[in-house]
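Participant: Knowing the structure of chain A, use the given hints to seat chains B, C and D on it.
Residues per chain are reported as follows:
4 protein chains.
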Amino acid sequence: MSEGQVCAIVGAGEGLGVSLARTFAAEGMHVAVLSRTEAGSAQALSAAQETAPSGRHQYHYADATNPGSLESGLAKVEAAVGPIDLLIYNVRGSFTFKPPLDVTADELRAILELEVVGALAAAQAVIPGMIARSGGTVIYSSATAAFRGSPRNLAYAAAKFGLRGVAQSLAKAYASKGVHVAHVRLDCALDVPIVRELMGDRYRQGQTANPDDVARSYLWVYQQPRSAWSNEIELRPWTEEWTF
Amino acid sequence: MSEGQVCAIVGAGEGLGVSLARTFAAEGMHVAVLSRTEAGSAQALSAAQETAPSGRHQYHYADATNPGSLESGLAKVEAAVGPIDLLIYNVRGSFTFKPPLDVTADELRAILELEVVGALAAAQAVIPGMIARSGGTVIYSSATAAFRGSPRNLAYAAAKFGLRGVAQSLAKAYASKGVHVAHVRLDCALDVPIVRELMGDRYRQGQTANPDDVARSYLWVYQQPRSAWSNEIELRPWTEEWTF
Amino acid sequence: MSEGQVCAIVGAGEGLGVSLARTFAAEGMHVAVLSRTEAGSAQALSAAQETAPSGRHQYHYADATNPGSLESGLAKVEAAVGPIDLLIYNVRGSFTFKPPLDVTADELRAILELEVVGALAAAQAVIPGMIARSGGTVIYSSATAAFRGSPRNLAYAAAKFGLRGVAQSLAKAYASKGVHVAHVRLDCALDVPIVRELMGDRYRQGQTANPDDVARSYLWVYQQPRSAWSNEIELRPWTEEWTF
Amino acid sequence: MSEGQVCAIVGAGEGLGVSLARTFAAEGMHVAVLSRTEAGSAQALSAAQETAPSGRHQYHYADATNPGSLESGLAKVEAAVGPIDLLIYNVRGSFTFKPPLDVTADELRAILELEVVGALAAAQAVIPGMIARSGGTVIYSSATAAFRGSPRNLAYAAAKFGLRGVAQSLAKAYASKGVHVAHVRLDCALDVPIVRELMGDRYRQGQTANPDDVARSYLWVYQQPRSAWSNEIELRPWTEEWTF
Chain A
1 MSEGQVCAIV
11 GAGEGLGVSL
21 ARTFAAEGMH
31 VAVLSRTEAG
41 SAQALSAAQE
51 TAPSGRHQYH
61 YADATNPGSL
71 ESGLAKVEAA
81 VGPIDLLIYN
91 VRGSFTFKPP
101 LDVTADELRA
111 ILELEVVGAL
121 AAAQAVIPGM
131 IARSGGTVIY
141 SSATAAFRGS
151 PRNLAYAAAK
161 FGLRGVAQSL
171 AKAYASKGVH
181 VAHVRLDCAL
191 DVPIVRELMG
201 DRYRQGQTAN
211 PDDVARSYLW
221 VYQQPRSAWS
231 NEIELRPWTE
241 EWTF
Chain B
1 MSEGQVCAIV
11 GAGEGLGVSL
21 ARTFAAEGMH
31 VAVLSRTEAG
41 SAQALSAAQE
51 TAPSGRHQYH
61 YADATNPGSL
71 ESGLAKVEAA
81 VGPIDLLIYN
91 VRGSFTFKPP
101 LDVTADELRA
111 ILELEVVGAL
121 AAAQAVIPGM
131 IARSGGTVIY
141 SSATAAFRGS
151 PRNLAYAAAK
161 FGLRGVAQSL
171 AKAYASKGVH
181 VAHVRLDCAL
191 DVPIVRELMG
201 DRYRQGQTAN
211 PDDVARSYLW
221 VYQQPRSAWS
231 NEIELRPWTE
241 EWTF
Chain C
1 MSEGQVCAIV
11 GAGEGLGVSL
21 ARTFAAEGMH
31 VAVLSRTEAG
41 SAQALSAAQE
51 TAPSGRHQYH
61 YADATNPGSL
71 ESGLAKVEAA
81 VGPIDLLIYN
91 VRGSFTFKPP
101 LDVTADELRA
111 ILELEVVGAL
121 AAAQAVIPGM
131 IARSGGTVIY
141 SSATAAFRGS
151 PRNLAYAAAK
161 FGLRGVAQSL
171 AKAYASKGVH
181 VAHVRLDCAL
191 DVPIVRELMG
201 DRYRQGQTAN
211 PDDVARSYLW
221 VYQQPRSAWS
231 NEIELRPWTE
241 EWTF
Chain D
1 MSEGQVCAIV
11 GAGEGLGVSL
21 ARTFAAEGMH
31 VAVLSRTEAG
41 SAQALSAAQE
51 TAPSGRHQYH
61 YADATNPGSL
71 ESGLAKVEAA
81 VGPIDLLIYN
91 VRGSFTFKPP
101 LDVTADELRA
111 ILELEVVGAL
121 AAAQAVIPGM
131 IARSGGTVIY
141 SSATAAFRGS
151 PRNLAYAAAK
161 FGLRGVAQSL
171 AKAYASKGVH
181 VAHVRLDCAL
191 DVPIVRELMG
201 DRYRQGQTAN
211 PDDVARSYLW
221 VYQQPRSAWS
231 NEIELRPWTE
241 EWTF
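Chains as they are written, first to last, in this note's numbering: chain A, 1 to 244; chain B, 1 to 244; chain C, 1 to 244; chain D, 1 to 244.
There may be inaccurate statements among the hints.
What follows is a list of derived Cβ distance ranges for each label pair [to be verified]: (1) B:Lys98 to D:Thr239: 19 to 27 Å; (2) A:Gly200 to C:Arg196: 49 to 57 Å; (3) A:Ala39 to C:Gly200: 55 to 63 Å; (4) C:Pro225 to D:Arg202: 17 to 25 Å; (5) A:Thr239 to D:Ala80: 52 to 60 Å; (6) D:Gly4 to A:Thr239: 52 to 60 Å; (7) B:Ser94 to C:Phe97: 33 to 41 Å; (8) A:Ser2 to B:Ser2: 46 to 54 Å; (9) B:Gly82 to C:Arg196: 48 to 56 Å.
Because the hints were derived from the structure by calculation, they are not lab data.
This one's a predicted model, so the numbers in the text were calculated from it and none came from an experiment.
For glycine and all other residues, C-beta sits at the position ideal for the given N, C-alpha and C.
Bound-form chain A, shown alone (with noise of 0.2 Å):
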């Protein structure tokens, strides 16, 4: 069903970008991966080609920090293959845990500027479109923080708790114009390398979602019949003691 449709991944890295690339082009759909460097969207746009190797997939260059950039990214991926059916704005920063304290007003803003100012101008970019042709998806990937102020990630869960306003007052401005707008959060840690690395010995493969099963969810929420749109949606692993 979603067989030459479009996807845009914003933040393609070598994590959970990898396995989006993957599942979307295992659908048909082609993949345009963007991201500040090549390099950095290279692993998930080789896994949407070995994939689907008839797929149109390609790189784009886009700077999240930079909302003139996403919205030219952005369109040379509708220039190149069509219009975007599905935006999925997958970046993330990179953080270190401090006391609220030893936050900087430049750290913070920086955060903000990839996860609010950056989410909503990605989102500019393609919903003109989408309410043009009535259809289309944006799917946010979010977590926990989004939910709960964090002791030792002030900056982080003030940019997830702002992106969830983004989130749900885009859904809510264009869902009767057949827009569907979801932030995904996931309750926690991906198997991913980057958590590897920040966990250390506290990393147990069992405890954290596969990026594979999550991008399964990211696919549901893609194709759900607009009668019964989901628009907040939590993944966690079986393991999870959740909290919330």
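Facilitator: For chains B, C and D alone, coordinates are given in the frame of chain A:
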């Protein structure tokens, strides 16, 4: 992937129950429908049989207001068709809108019996087997009333709140045993006969959820890989002006 | 400002009930305590009498698991002292931690009777008079379990969820008649005898809420001016590592 | 109990700021008002002076869109009057309703600067001293938009979501040091000049919150004993038909 598995639906009336029976039968599953009268499940049973004539679909008696009856009905399903892989608890009490001061203790008890006590009893009938087999899914049909008090239907809200408490508690208790418990909230009216009747002149088909579309998300929940489960799912039509 | 008004406390045992009785007596209110045995309320009644000897404090019989008993007990308070201005529903069932599979239908019914059916019955006994007088307050003592399922105490969670549904529904239905309904959630252990016993070696006084401090916020809720009411209040000690 | 303590209000305009200044001055506190122009705080300062002529009330310059300015303004308050016991962050940007597609990146950045970056900067200016003195309170004025996306005011919703993330993170990080951080949500329109103007013909005094009444709950938050703190407070008038 679900071929030959067993789905039991408690409360398979003429609305969503029919769509659920059809959807899971189409996946190659054996569908057992349980209700107080065979006539009450007849439409759902027919839907399963017509969709997949080779499935061992069947009706069994169960009264959801009687824990013992739920237990024996579900035991009969397992004796007849095999272990239940998916239990859907989809009961619905009759309800009338009235001011909270007019709700009687017996009305409140009756709906709590159905939505809370029965919900636990049904789960208790199948979860031990699921634990023994390291896998299984329980899905509760719920509503926005599980999240928000209602000035016109206190009993329904109190019961749905309670149901959500049951679902969350079970989900947390047995996830690590491989049992996936989900609470599916419909944030909308369903396009089914009872709703058309209740809404009367206010009914607008385009503003309701199609039960077949809703059933697709039940299927998705059932098929989610265990490293990335959703426990609380909301569904609403694209036309819904949601406030939550 | 509360001088001469009438406060009825259902479930005025040795813990928070004593502090509530003392706090409202100190405001010049007449305090009626209701429980199944006079001995059960003796400490609360004494606290009120010692704090304000001139108040018409009294004990009345009520069994919170019996709606008719709640109704007649509260009617006796009004006959003896005058219209009830503040009803505090502060009951507590005995509970034992156990896996959800071990919770019996009767255990679940018993706690629903106390926390949901009784909660409505008590409100129904006083709200008509409050509406007639265009003012009055109903406060429910609740817990974090009203917001989060519990893998070790499903029955308590289901009941507290249900209680919250009752409180929200009443609040919405009767606010415009001048009736203020509030749900006070203690996100912590209380420094009272039963908790010391339950927690045993894990008990740390500094990590519990002082019941006199908790009672002060009940007073604040009662005295809030009607143009700025709170309906859901959370309380936790400064030492609590809260996750919600 | 608050006699002689110091309250600093950032954003003390003609509405709620005036009531806050009056309320805390009446408790015997020294009230410092901070804003970009002295004229902007004139009414609040007068209210404090008239209420309690002996208090050392004063105006200090601060631009809430400039972290350094907030820091130096609050430092001047402490130099002039003494350590700040209570900081109220009560800023408000001008806002216009518009579709999300029309919100510019700069508009979004401006409100994030005020509601998120400024909120953290102001807290950082006072919390180290509060930790050193083992006590202090920070209250953020917020709105229902912190809980729900808005199809007509995405920027405001994103910013208030972010503010809530800041408040929760600070609350969790510094509670155990004696610092009480609270997020007060007004789930209603306020009876203040700007709202009367914005609402025009839709304005109904009886359906708004009186700012003096709102200020009383700020006082209550400030005076809560530390063993039973509230961190998230909602306020709405009795006439509000709340949906959350």
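Participant: Take the C-beta atom of Ala39 (chain A) and the C-beta atom of Gly200 (chain C), compute their distance, and say whether it sits inside 55 to 63 Å.
Facilitator: Cβ of Ala39 (chain A) to Cβ of Gly200 (chain C): about 58 Å, so the range 55 to 63 Å holds.
Participant: 46 to 54 Å was suggested as the range; check whether the CB atoms of Ser2 (chain A) and Ser2 (chain B) agree with it.
Facilitator: 21 Å, violated
Participant: If I claimed the Cβ atoms of Pro225 (chain C) and Arg202 (chain D) lie 17 to 25 Å apart, would that claim hold in this structure?
Facilitator: 23 Å, holds
Participant: 19 to 27 Å was suggested as the range; check whether the CB atoms of Lys98 (chain B) and Thr239 (chain D) agree with it.
Facilitator: 22 Å, holds
Participant: Okay, Thr239 (chain A) versus Ala80 (chain D) on CB: inside 52 to 60 Å?
Facilitator: Distance hint for Thr239 (chain A), Ala80 (chain D) holds at roughly 56 Å.
Participant: Quick one: are Gly4 (chain D) and Thr239 (chain A) within 52 to 60 Å, going by C-beta?
Facilitator: 54 Å, holds
Participant: Could you check the hint for me, namely that Gly200 (chain A) and Arg196 (chain C) are 49 to 57 Å apart, CB to CB?
Facilitator: Check failed, 39 Å falls outside 49 to 57 Å.
Participant: Do the beta carbons of Ser94 (chain B) and Phe97 (chain C) sit within 33 to 41 Å of each other?
Facilitator: 36 Å, holds
Participant: Looking only at beta-carbon atoms, does the pair Gly82 (chain B), Arg196 (chain C) fall within the given range of 48 to 56 Å?
Facilitator: Holds - the Cβ-Cβ distance for Gly82 (chain B) and Arg196 (chain C), about 51 Å, lies within 48 to 56 Å.
Consistency with the previously given hints fails for numbers 2, 8, ordered from lowest to highest.
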